[in-house]
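Be aware that the sequence shown starts at 1, since it is given in the numbering used here, and climbs by one per residue.
The hints are simulated quantities; they were obtained by calculation from the structure and are not laboratory data.
These figures come from a predicted structure and were not determined experimentally.
Wrong hints could be hidden among the right ones.
Derived DSBU-like pairs (lysine-lysine); straight-line CA-CA distance at most 30 Å [to be verified]:
#1 Lys175 / Lys262
#2 Lys354 / Lys269
#3 Lys134 / Lys484
#4 Lys4 / Lys526
#5 Lys360 / Lys269
#6 Lys262 / Lys379
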Amino acid sequence: MERKIIISSVINQILVGIVEDQTLAEFFVERENQQRTVGSIFKGRVENVLPGMSAAFLNIGLERNAFLYVDDIENPNGQNIEKLIRKGQELLVQVVKEPVGTKGARVITQLSIPGRFVVLMPGERHLGVSRQIKNPDERDRLRQLIGELCPEGFGLIVRTVAEGCTRKELQQDLKDLRQQWRHLKTKAGKAKTPSLLYRDHDLLYRIVRDVLTDDVTEIIVDNRDIQEQVTEMIQALKLPHPLAVQLYSGSVALFEYMGLDKELERATKRRVWLDCGGYLVFDATEALMSIDVNTGKYVGKENLEDTVLETNLQAADAIARHLRLRNIGGIVIIDFIDMEEAAHRKQVLRRLEKALAADKAKTHVLGFTQLGLVELSRKKTKKPLASIVETPCPLCNGSGRVLSDETLALQAAQQAYSLAKESEVEEVMIRCHPNVASFLIGIGGVNLQALERDCGIRVFVRGEETMERDAIELQSGGDGSMGKEAVPVREGMELTVEVERAHAKNQRHGIARIEGYVLDIPGGAKWLGQTVRVRIKDVHKTYAVAEIMPGN
Numbered sequence: 001m002e003r004k005i006i007i008s009s010v011i012n013q014i015l016v017g018i019v020e021d022q023t024l025a026e027f028f029v030e031r032e033n034q035q036r037t038v039g040s041i042f043k044g045r046v047e048n049v050l051p052g053m054s055a056a057f058l059n060i061g062l063e064r065n066a067f068l069y070v071d072d073i074e075n076p077n078g079q080n081i082e083k084l085i086r087k088g089q090e091l092l093v094q095v096v097k098e099p100v101g102t103k104g105a106r107v108i109t110q111l112s113i114p115g116r117f118v119v120l121m122p123g124e125r126h127l128g129v130s131r132q133i134k135n136p137d138e139r140d141r142l143r144q145l146i147g148e149l150c151p152e153g154f155g156l157i158v159r160t161v162a163e164g165c166t167r168k169e170l171q172q173d174l175k176d177l178r179q180q181w182r183h184l185k186t187k188a189g190k191a192k193t194p195s196l197l198y199r200d201h202d203l204l205y206r207i208v209r210d211v212l213t214d215d216v217t218e219i220i221v222d223n224r225d226i227q228e229q230v231t232e233m234i235q236a237l238k239l240p241h242p243l244a245v246q247l248y249s250g251s252v253a254l255f256e257y258m259g260l261d262k263e264l265e266r267a268t269k270r271r272v273w274l275d276c277g278g279y280l281v282f283d284a285t286e287a288l289m290s291i292d293v294n295t296g297k298y299v300g301k302e303n304l305e306d307t308v309l310e311t312n313l314q315a316a317d318a319i320a321r322h323l324r325l326r327n328i329g330g331i332v333i334i335d336f337i338d339m340e341e342a343a344h345r346k347q348v349l350r351r352l353e354k355a356l357a358a359d360k361a362k363t364h365v366l367g368f369t370q371l372g373l374v375e376l377s378r379k380k381t382k383k384p385l386a387s388i389v390e391t392p393c394p395l396c397n398g399s400g401r402v403l404s405d406e407t408l409a410l411q412a413a414q415q416a417y418s419l420a421k422e423s424e425v426e427e428v429m430i431r432c433h434p435n436v437a438s439f440l441i442g443i444g445g446v447n448l449q450a451l452e453r454d455c456g457i458r459v460f461v462r463g464e465e466t467m468e469r470d471a472i473e474l475q476s477g478g479d480g481s482m483g484k485e486a487v488p489v490r491e492g493m494e495l496t497v498e499v500e501r502a503h504a505k506n507q508r509h510g511i512a513r514i515e516g517y518v519l520d521i522p523g524g525a526k527w528l529g530q531t532v533r534v535r536i537k538d539v540h541k542t543y544a545v546a547e548i549m550p551g552n
């Protein structure tokens, strides 16, 4: 299998796509204003112990208390939770599941620190080898090595990337992890409660550490700084066969050039078409994900049973891929098209299990139920893709989903990047909804500055209330007219405007708009909802300062 790692940087977001055999298999995104908590270790305080739920809630310093289940506590004698911990007790815990919706993070007391080749587990005795390493001789060799190297009072798990590594490499990785653990214990003894003690590395480092294996043939990035960072990480990890990091400088955005933007768009759709003409329907509920398989436009060649089998086999491959790409976890129910022959049902199950073998998340296929449905479970570790690239629709109160402002801004930025590569284009105007424009511009104009730097031309953003939220219009030019159009006011101009709202940072200021252009009015909050007369004092690229005129 051929694997590629595609890394793109757009308006302070890092996008990573893992491509397997020319198809997007996994997607990761790291945004500047969002912090990943999975893998982080906290010093927390027990706030409540609930015997009826066999669980406790801990304050670890996040917005909502974390959830600790009795099975996630070291409990060799099977005692009730109230005998294991008490209210007010301080514990070291590790986040294993991100907060989602109204639910806080899920934590455990069995800590682990991942390295390149092994995972160190303080206080454990377990020695294990990744199930992704299939060769029995290699599994035995690695198990013997960690049995000799594992220090007293620790457990070890060999990671997939350790296949073929030497004793010296394992030993060095273990030495680094033990140093991290000593530092963490020292910090825990001094830190107040609650506090963060350990956070896993950023996305770029995790990708190099966890994903870069011998079957990766290419690493492609679109930013020179990221190229240097990834190269340094590869050198620091001392890989036996280091890859050169390729810098992409094409005329369209990297994800668009690789076709990954279209695949991501399909991965958020309810209906997914198969190559044969059949299709899948994904329906998520609070408790589970249901997947329905349909023949669609596929009519087959000979008989119905062969048509059904071919559709179900293609569906099994597509379902396994979408479980990974969409980050679907928990219970999954698959309604394959009914098959009369038991041999065909076994064939479909084998195909599904084989396709799931490449998935690092632990899955259990339970087989067909009496109703002819296939049950499986997949471990939840990351946020679902839908919650990353979409946001609940405010018009339907969350019953449907639309692309988030961040994602729409990202799309607009990618279109501007592609347009900027055309000859004779010196400036670009982006017209969009004010919410999207606000993210494109960023606080203090930081995102717009980053976009102009990436594009190498002047970029203007104009938010227009009359535009649909997902509508984006781009206009290019080279005669300097965009700036005049984007800034419809000049110093000394007198206008009558309505004060729409208070300023987000300074509640004494009011905000008004003229043709979508923002007017910052010092002291204008007292006229909220009223029409006032103002005079333009200072004009900037994305906003102007206006003063209230006498007589209002």
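Each hint tested on the structure:
1. Lys175 / Lys262: violated (44 Å)
2. Lys354 / Lys269: holds (25 Å)
3. Lys134 / Lys484: Distance of about 64 Å is beyond 30 Å: violated.
4. Lys4 / Lys526: violated (57 Å)
5. Lys360 / Lys269: holds (24 Å)
6. Lys262 / Lys379: Within the cut-off at roughly 27 Å; holds.
In summary, the numbered hints that this structure violates are 1, 3, 4.
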